[in-house]
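Taking the hints into account, I'd like the entire structure generated from these sequences.
Protein chains in written order, with the UniProt record's numbering: chain A, 1 to 484; chain B, 1 to 127.
Hints in this document: simulated from the structure, not taken from any laboratory. Among these hints, one or two may not hold up.
As the list claims (entries may be wrong) - Some chain A residues close to chain B (C-beta under 8 Å, calculated; not the full set):
(1) LEU477
(2) LEU478
(3) GLU481
(4) THR482
(5) SER483
As the list claims (entries may be wrong) - Far from chain B by the CB rule (all over 10 Å, computed), these chain A residues:
(6) LEU124
(7) ARG161
(8) THR453
(9) SER471
To be verified - Derived contacts from chain B toward chain A, CB cut-off under 10 Å, selection only:
(10) ILE33
(11) ASP40
(12) GLY42
(13) GLN43
(14) HIS90
(15) LEU97
(16) THR98
Using N, Cα and C, we set each Cβ at its ideal position, and we do this for glycine too.
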Amino acid sequence: MDTEPTPLATPITPAAREIKPTWDDNWGETTTAVTGTSELSVSQEEVVGLGKEIQDRTQGFRRYLPLAVGLCVGLLVLATPLVFLLLPAVMWPDRLQACGAACEGLFLSISFKLLILLVAVWALFLRPGRASLPRVCVYRAFLTTLTLLLTMSYWLFYGVRILDAQDEDYHGIVQFAVSLVDSQLFVHYLAVVLLELRQLRPCYSVCVIRSTDGETRHYNIGQLSIQRAALSILEYYYRDFPLHNPALLSASKHRAAKHLAGLKVYNVDAPGNTAGAQPGNGNQSRAMVSAAAKRKDSAHNELYYEEADYERRVRKRRARLVVAVEEAFTHVRRMKKEDERASPSDIMDVREAALAIFPSMARALQKYLRTTRRQHCHSMESIQKHLAFCLVNNMSPKAFLEAYLAPGPTLQYGPERWMADQWTLVSEASVTSGIKEGTEFLLRCLDFSLAVTIKGIPYIRLTEEYIDPKSHKFILLLQSETSV
Amino acid sequence: MAFIPGQPVTAVVQRIEIQKLRQGDNLILGFSIGGGIDQDPGQNPYSEDKTDKGIYVTRITPGGPADAAGLMMGDKIMQVNGWDMTMVTHDQARRTLTKKKEDVVRLLVTRKSLEEAVKQSMSYPRQ
Numbered sequence: 001m002d003t004e005p006t007p008l009a010t011p012i013t014p015a016a017r018e019i020k021p022t023w024d025d026n027w028g029e030t031t032t033a034v035t036g037t038s039e040l041s042v043s044q045e046e047v048v049g050l051g052k053e054i055q056d057r058t059q060g061f062r063r064y065l066p067l068a069v070g071l072c073v074g075l076l077v078l079a080t081p082l083v084f085l086l087l088p089a090v091m092w093p094d095r096l097q098a099c100g101a102a103c104e105g106l107f108l109s110i111s112f113k114l115l116i117l118l119v120a121v122w123a124l125f126l127r128p129g130r131a132s133l134p135r136v137c138v139y140r141a142f143l144t145t146l147t148l149l150l151t152m153s154y155w156l157f158y159g160v161r162i163l164d165a166q167d168e169d170y171h172g173i174v175q176f177a178v179s180l181v182d183s184q185l186f187v188h189y190l191a192v193v194l195l196e197l198r199q200l201r202p203c204y205s206v207c208v209i210r211s212t213d214g215e216t217r218h219y220n221i222g223q224l225s226i227q228r229a230a231l232s233i234l235e236y237y238y239r240d241f242p243l244h245n246p247a248l249l250s251a252s253k254h255r256a257a258k259h260l261a262g263l264k265v266y267n268v269d270a271p272g273n274t275a276g277a278q279p280g281n282g283n284q285s286r287a288m289v290s291a292a293a294k295r296k297d298s299a300h301n302e303l304y305y306e307e308a309d310y311e312r313r314v315r316k317r318r319a320r321l322v323v324a325v326e327e328a329f330t331h332v333r334r335m336k337k338e339d340e341r342a343s344p345s346d347i348m349d350v351r352e353a354a355l356a357i358f359p360s361m362a363r364a365l366q367k368y369l370r371t372t373r374r375q376h377c378h379s380m381e382s383i384q385k386h387l388a389f390c391l392v393n394n395m396s397p398k399a400f401l402e403a404y405l406a407p408g409p410t411l412q413y414g415p416e417r418w419m420a421d422q423w424t425l426v427s428e429a430s431v432t433s434g435i436k437e438g439t440e441f442l443l444r445c446l447d448f449s450l451a452v453t454i455k456g457i458p459y460i461r462l463t464e465e466y467i468d469p470k471s472h473k474f475i476l477l478l479q480s481e482t483s484v
Numbered sequence: 001m002a003f004i005p006g007q008p009v010t011a012v013v014q015r016i017e018i019q020k021l022r023q024g025d026n027l028i029l030g031f032s033i034g035g036g037i038d039q040d041p042g043q044n045p046y047s048e049d050k051t052d053k054g055i056y057v058t059r060i061t062p063g064g065p066a067d068a069a070g071l072m073m074g075d076k077i078m079q080v081n082g083w084d085m086t087m088v089t090h091d092q093a094r095r096t097l098t099k100k101k102e103d104v105v106r107l108l109v110t111r112k113s114l115e116e117a118v119k120q121s122m123s124y125p126r127q
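Below, the structure is given as structure tokens:
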């Protein structure tokens, strides 16, 4: 068993680039600057100007810059009412009219509203972005501008009416601050509606087709801009589509090449001309022409038999694999109470148990994966890890095998297969415009692309029909035969 | 043999007289009937009109009294000993045919071939 060939080849490493999965379970989308957080769009120009060659460093930088900016704006928003309240007490405390219970009520309300605003802003905006989109989200830019406008106008009024005039009515100042917090809460409500609620109601049906093998899926999404729709679709892609396997496409390419080669022969040596000029060549070309014609005729035949043969081979290997795995699983079982007396060399932890039974099934598994051309997706390390996982969770051999019998979603395999930073959105309409019926765009990865078409969900008209429960009546239909 | 409700039914009939055979305690006729106004007429394989709820002969025991008398499978029974059989329930028909006091049943039966035979004979000019 030690002459085990290192089966499943080393996983493919991409050149030089540090792969950062740009998806995150936190929902805060990123634009170049406006990552999940920011209410400030000015920084986009700064970031774009940083240049592409230091993209590796800026990847990390770009992801967290908007978070920092968002924090600053959030602090500004939260601090402004407090500053409004404190400045009069600091600058002209002696002339200030004390106000009693009404003010205290307002202080309480300010503090709780600020707390709620703090939690709400944290929940909606202050999260690391999960993706980097090509353009700024229009709604986020709008909301940022709105917030800043609001705050600036309040500062303006405050500066002119209160600071310059040194207003003595503290009650009025407190009410002013409370109204600012209320407006900020309403802007936050608007943010929730625009950014989170609007796309929840599905109104478009999306058809996603992978260009290389034709895998098709359909999804329902709501009102979104093209880039955000593309982001949702990519998340569904990573969940639903089986792993893209370039090795499986070589067969059809081979056939296409043969077909073209046959055609070439037919075109170059036309059957009529060769009789007089070059007799030797003529015979040969005629033979090639007829061979090409026969090849064209038999191409479908070849395909049929090839596929039947492949099916049989796969099934045979699969049968051997299933038997080998079942046998391997019978060699190991969980330790029970009465086994405690067994010799210590027999008692193993899960890692060692996996390593112990792995060799007996490794060969069959490797052969099966080679036949189905998926040997590069699974490294020996990953198989042993999966085996240990199955042993720990008391899974049956069939449960262990399922991971290898069919290709799973892309995320199931190692990060080198994800290619999450290689996606390009190719669209004729502007990517910040909303999706409409008939929108089409392309999501291109390195060697395949996803073609996306959008159709509206039809307007459904539902009518009702009332059935009286007493109207369900039946008669018995007999046909009896009696002999007399 | 479709009937129009309210109009009298006309048919070409054949008179068949069957002697009941005694078998132990029973008097049997040697055929089976199907149909009746309480039955489903659509399932009757012998009727031309699938709304016909008359009594039909569904099976004949070979060598039995009915067979000897010339009753054929698929015949529709119109009368039994004068009693009408076109508008009776299945059970009434059975009881009419199996009256213990009667030894003989005189049936009026109709079938498609009778009508055709009459038509054919009527088409030949008389001499």
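How the hints compare with the structure:
Annotation: A:LEU477 was flagged as interfacial toward chain B, and the flag holds, the nearest CB pair being 4 Å apart, inside 8 Å. At about 5 Å, the closest approach between the beta carbon of A:LEU478 and any beta carbon in chain B falls short of 8 Å, and the interface hint on this residue holds. The interface hint given for A:GLU481 holds, since its Cβ lies 5 Å from the closest Cβ of chain B, which is under the 8 Å cut-off. For A:THR482, the shortest C-beta to C-beta distance to chain B is roughly 5 Å, which falls under 8 Å, so the interface hint holds.
Of the supplied interface hints, the one on A:SER483 holds, with its beta-carbon coming within about 4 Å of a beta-carbon of chain B, less than 8 Å. Every C-beta of chain B lies more than 10 Å from that of A:LEU124, the closest at about 69 Å, which supports listing it as non-interface. The non-interface label for A:ARG161 is consistent with chain B: the shortest C-beta to C-beta separation is roughly 93 Å, beyond 10 Å. The beta carbon of A:THR453 is kept farther than 10 Å from every beta carbon of chain B, the shortest such distance being approximately 51 Å.
Here A:SER471 stays apart from chain B, with its beta-carbon at least about 22 Å from theirs, past the 10 Å limit. Interface restraint check for B:ILE33: the shortest CB-CB distance to chain A comes to about 6 Å, inside 10 Å, so the restraint holds. At a threshold of 10 Å, the smallest CB-CB gap from B:ASP40 to chain A is about 4 Å, leaving the interface hint in force. Against a cut-off of 10 Å between C-beta atoms, the interface hint on B:GLY42 holds, since the closest Cβ of chain A lies about 8 Å away.
Hint on B:GLN43 holds. Least Cβ distance to chain A is approximately 4 Å, under the 10 Å limit. Because the closest C-beta pair between B:HIS90 and chain A is about 6 Å apart, less than 10 Å, the hint holds. Hint status for B:LEU97 relative to chain A: holds, with the closest Cβ pair at about 4 Å, below 10 Å. Below 10 Å, beta-carbon pairs count as interface contacts, and B:THR98 has one with chain A at about 5 Å; its hint therefore holds.
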